[in-house]
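**Student:** Between the sequences and the hints, there should be enough to build the whole structure, so can you do that?
The residues making up each chain are set out below.
Protein chains: 2
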Amino acid sequence: MTNSSFSATIHLLNAAARLEERFAGELGAVHGLALKEALLLMHLERATKQRLSRVELAKRLSTSPSTVTRLTLPLEKLGLVGREADPRDARLAYVVLTEAGRRVVTDARTTLQRLSSDAFADRWAEEEITSLSGLLGRMAADQAGNLI
Amino acid sequence: MTNSSFSATIHLLNAAARLEERFAGELGAVHGLALKEALLLMHLERATKQRLSRVELAKRLSTSPSTVTRLTLPLEKLGLVGREADPRDARLAYVVLTEAGRRVVTDARTTLQRLSSDAFADRWAEEEITSLSGLLGRMAADQAGNLI
DNA sequence: TTGAGATGATTGCATATGGAAATATGTCGG
DNA sequence: CCGACATATTTCCATATGCAATCATCTCAA
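Protein sequences, first through last, are from chains A and P.
By our numbering, the letter at position 3 of the first sequence is numbered 3, and the numbering carries on one by one without gaps.
By our numbering, the letter at position 142 of the second sequence is numbered 142, and the numbering carries on one by one without gaps.
Possibly wrong hints are sitting among the right ones.
Result set (DSBU-like, lysine-lysine): computed pairs, CA atoms no more than 30 Å apart in a straight line [to be verified]: (1) A:LYS49 <-> A:LYS36; (2) A:LYS59 <-> A:LYS77; (3) P:LYS77 <-> P:LYS59; (4) A:LYS36 <-> A:LYS59; (5) P:LYS36 <-> A:LYS36; (6) P:LYS36 <-> P:LYS49; (7) P:LYS49 <-> A:LYS36; (8) P:LYS36 <-> A:LYS59; (9) P:LYS36 <-> P:LYS77.
For the record, the hints were derived by calculation from the structure and aren't laboratory data.
**Tutor:** Have a look at this one:
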């Protein structure tokens, strides 16, 4: 008997790698955004005041604070995000979604939704997708600030 | 109503990122292997004659041929894999698992199984994990040479 | 109030990775 | 057989990323 946790893990890593590969190309071609940049904007969109500290973004993206710093640089130059200080804590440098950023993230999400639908288009019943989504969602049950 | 494909996709990417982060540390500490190196060895172990061409490995790992070339270099120096030519096609440079590689991959898989079990330890019923594994496996149904 | 330790952000450095180019070899039609 | 095109591998180059060090600021206890 094969360890089912192991089996799920291997399948999960494989599926994610394939999806990322598949998404990166089209998302970049359509919006000039990397997948992680789109996810970053989506986190901002969903946050209170549409802003988050860099450390908080790093946690939600499962990446390092330094990566967030470098990820936001080009987005700031493009005017998709801005920078805000916290009056109570001068260490914080919030990343805040701009009006232009709101437009871009809306479009990018539409593209991601289409790509997602395509990925499940064949051989999948709606209830199977819902079941999969629910189970995967449970893996993030302990996590704050989920996108969905 | 939220697009369930989109929801599943977002959860999938998030779950994979968290698992990779979690696994990388311990796998490296225990065996000195990166997650992708362990997966590479596992693919070889499962293949006919325990060998695969670099292009085939790239497909199965969802990475580029150049990455496979560089991934195998240190593994070869460690004696975990070797190189074999194909008598019929001089372009091919098979990556073949060595006896030392077999031992290492057995140990690494044991570690991965333990880490996987830990990841699902709480809040998960066996049948839920099996269901998740089955659904994720369907996402790879079109793929040749699956690990599981 | 003050000093020790914690936290947020950035930067330097080393490593990882993809894509294009270069090279070698194979295949196929004429 | 020959040339055009395809395929496998490697290398070059640019980019991406994590970690450790650094700096600034905050918190808390004495």
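**Student:** Hints numbered earlier in the text: which of these fail when held up against the supplied structure?
**Tutor:** 7
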